[in-house]
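Asker: Below are the chains, spelled out letter by letter.
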Amino acid sequence: MNNKKIIAIANRGEVAVRIHRAIKALGYESLLLHSKPDKNTIAYRLCDHTQEVGSAPSSESYLNIKNVVDAAKTGGAIALHPGFGFLSENADFTDACTNNNILFIGPSSKSQRLFGDKISAKDFCEKVKVPTLPSYRGKDKSLKTLKVKAKEIGYPVLVKAAAGGGGRGMRVVLNEDELNEKLEQAKNEALKAFGSDEIFLEKYLETSKHIEIQIFGDATGHVHVLGERECSVQRRHQKIIEEARSASLSDDKRDEVYGYARTLAAESGYSGAGTVEFLFSDNKFYFLEVNTRLQVEHPVTEEVFGVDLVQAQIKTAFNENINWNNPKPKGHSIECRIYAENLKGFPSTGELGSIIFPQGDGIRLEIGFAKGDMITPFYDSMIAKLIVTEADRSSAIDKTLNTLKNSYLTGIETNIPLLISILNHKDFIDSTMTTSFFEENYAEGLTSPLSDKEINAIFASSKTNSTPIAAFNQRWRF
Amino acid sequence: MEFFETEIKGKHYKVLKEKVGSTVWLSFGGWSFKQDLPIGKRLKSKTSSTGGNSKEIRSPMPGQLIKLNVKAGDKIKAGQTLAVLEAMKMEHSLKANIDAVVDSVMFREKDSLQMDDLIIKLKDT
Chain R
0 MNNKKIIAIA NRGEVAVRIH RAIKALGYES LLLHSKPDKN TIAYRLCDHT QEVGSAPSSE
60 SYLNIKNVVD AAKTGGAIAL HPGFGFLSEN ADFTDACTNN NILFIGPSSK SQRLFGDKIS
120 AKDFCEKVKV PTLPSYRGKD KSLKTLKVKA KEIGYPVLVK AAAGGGGRGM RVVLNEDELN
180 EKLEQAKNEA LKAFGSDEIF LEKYLETSKH IEIQIFGDAT GHVHVLGERE CSVQRRHQKI
240 IEEARSASLS DDKRDEVYGY ARTLAAESGY SGAGTVEFLF SDNKFYFLEV NTRLQVEHPV
300 TEEVFGVDLV QAQIKTAFNE NINWNNPKPK GHSIECRIYA ENLKGFPSTG ELGSIIFPQG
360 DGIRLEIGFA KGDMITPFYD SMIAKLIVTE ADRSSAIDKT LNTLKNSYLT GIETNIPLLI
420 SILNHKDFID STMTTSFFEE NYAEGLTSPL SDKEINAIFA SSKTNSTPIA AFNQRWRF
Chain L
0 MEFFETEIKG KHYKVLKEKV GSTVWLSFGG WSFKQDLPIG KRLKSKTSST GGNSKEIRSP
60 MPGQLIKLNV KAGDKIKAGQ TLAVLEAMKM EHSLKANIDA VVDSVMFREK DSLQMDDLII
120 KLKDT
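If you read the protein sequences in the order shown, they are chains R and L.
Mapping of the first sequence onto numbering that gives the first Met the number 0: position 121 corresponds to residue 120, and the numbering continues sequentially without gaps.
Mapping of the second sequence onto numbering that gives the first Met the number 0: position 84 corresponds to residue 83, and the numbering continues sequentially without gaps.
Since the hints were derived computationally from the structure, they do not count as laboratory data.
Just so it is clear, CB atoms sit at the ideal spot from N, CA and C, and this is done for glycine as well.
Be aware that a few hints might be false.
[To be verified] Taking beta-carbon pairs under 7 Å as the criterion, some of the chain R residues facing chain L (in silico):
1) Y135
2) G137
3) E188
4) V222
5) D254
6) P416
[Unchecked claim] Quick list of in silico lysine to aspartate or glutamate cross-link-like pairs, DMTMM-like style, CA-CA up to 20 Å:
7) K18/L with D451/R
8) K186/R with E197/R
9) K191/R with E4/L
Let the sequences and hints guide you as you build the complete structure.
Answerer: Here it is, written out as structure tokens:
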């Protein structure tokens, strides 16, 4: 029999690898709960134990509460880390874990229900005097009523899934003609992603910055506020580049927004890691949502504050103290999400070839796949994250650019050229970008810098002008 | 896998050339290019993904056909959503760029699609 304490990971890709690392650092063993095709991933190869939870579609594996809980029990897990996405903010799942004596690593199902329902979250904000955007959250969701309410709020409005998060189930509606179609799209996407198609309407701010605050409720009940991240570079509400901290906030504004985040966490008795998202426009903050989980972009906060959020989550779940002594920010950190997609932003799937990135101080690559692994159309297209940390923002941008430009990747196309273009954009460099930045500049995607003829010429040139160099040496080139 | 050095548009690059499956890839400067499609098809796929004036509605990505709004013989208007695809959890609407009549529909709802698959053929009204 195994006397080791086992923690299950109910996720995949790079975050499963990240959680595995924290589990091992604290002396536990890891159990990966994976779908059938995800045997071909780094997490499957690294984790101490593995259990299959079902076939490729998420609804039959990662989103199936019974399958996940059963697999965790079969694998002997005493606790479970849900990562992000999938069941990470699903209160029914959290309760199912608890009822099966599996410690859920994350906030209580009470917190998940309060903030997971974006409607009750906004109600709560109004109660504790945290500013929100005009919205319609009434029960009558007929098209006729929604048309009237959207007009009252004033276009553009955002159709938002009550159960939403991570950009899913949201659509911007510019005028009444679009309302019905966008409504259906948001509802469909929400039903698939969250199992509920309840929606509400909210004013859409065209020129705002996305500012989010990392909160952490420790085992003693103390709420830590670990600064802000700016994530204004978004496409269809999916973040692309995130940084800590924002280059656009004064210390007064920081104090103000940290206060809102602290109030929400403290008044709701929040435990563990969470993120309070705000829009920042005309020097005012508006509450967006609380994400009751680890965020994709947590590494930039870890780098700047010198903490390990996943280890802290695990310790807190086991009611152990994290002993943070008011961590202070140092330097600047930028995260680039690397998506498997072509220049026009459409998914690129297939077998991965080589993945070669420069390495060294301040370069952190979180990746879930290696050469020979398949990138399938079943899951999110994010295959890796590059997190670069430097003394100040401008050096962090330069170093990120150098790292991306000196990377090599084959087998699929990625958004690396897009990331390079954004990092070179004046609005990004000046930190004046808003959440409309992407649509304004990259709505049509990128065009190839080379014609087909020129690409073919390079292919041809290798035959006459090739010097094979051992790949090993190149990994260290910067 | 091989690396070679070359000039591209007057700039010096070290280029990775690698065969993955049956496709040969190049990677340099953060870019990844594949050489698997004849030039003609490559150009066609570029216009079909954005619509253009194409009478061929093709799949701009591998994924699943989750909604089919038209059948053969239907009259359609420019801007109308003909079908909805899903891949990597994102939905993508395929719209007509011209007024036309649906000539034929090659797939059914729930079918899996490869990149560039011909889904709907249109003809003049």
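Asker: State for each hint whether it applies.
Answerer: We went through each hint and held it up to the structure:
{"no.": "1", "hint": "Y135", "result": "23 Å, violated"}
{"no.": "2", "hint": "G137", "result": "26 Å, violated"}
{"no.": "3", "hint": "E188", "result": "6 Å, holds"}
{"no.": "4", "hint": "V222", "result": "32 Å, violated"}
{"no.": "5", "hint": "D254", "result": "37 Å, violated"}
{"no.": "6", "hint": "P416", "result": "5 Å, holds"}
{"no.": "7", "hint": "K18/L with D451/R", "result": "18 Å, holds"}
{"no.": "8", "hint": "K186/R with E197/R", "result": "7 Å, holds"}
{"no.": "9", "hint": "K191/R with E4/L", "result": "47 Å, violated"}
The structure fails hints 1, 2, 4, 5, 9 (numbered hints given earlier, in ascending order).
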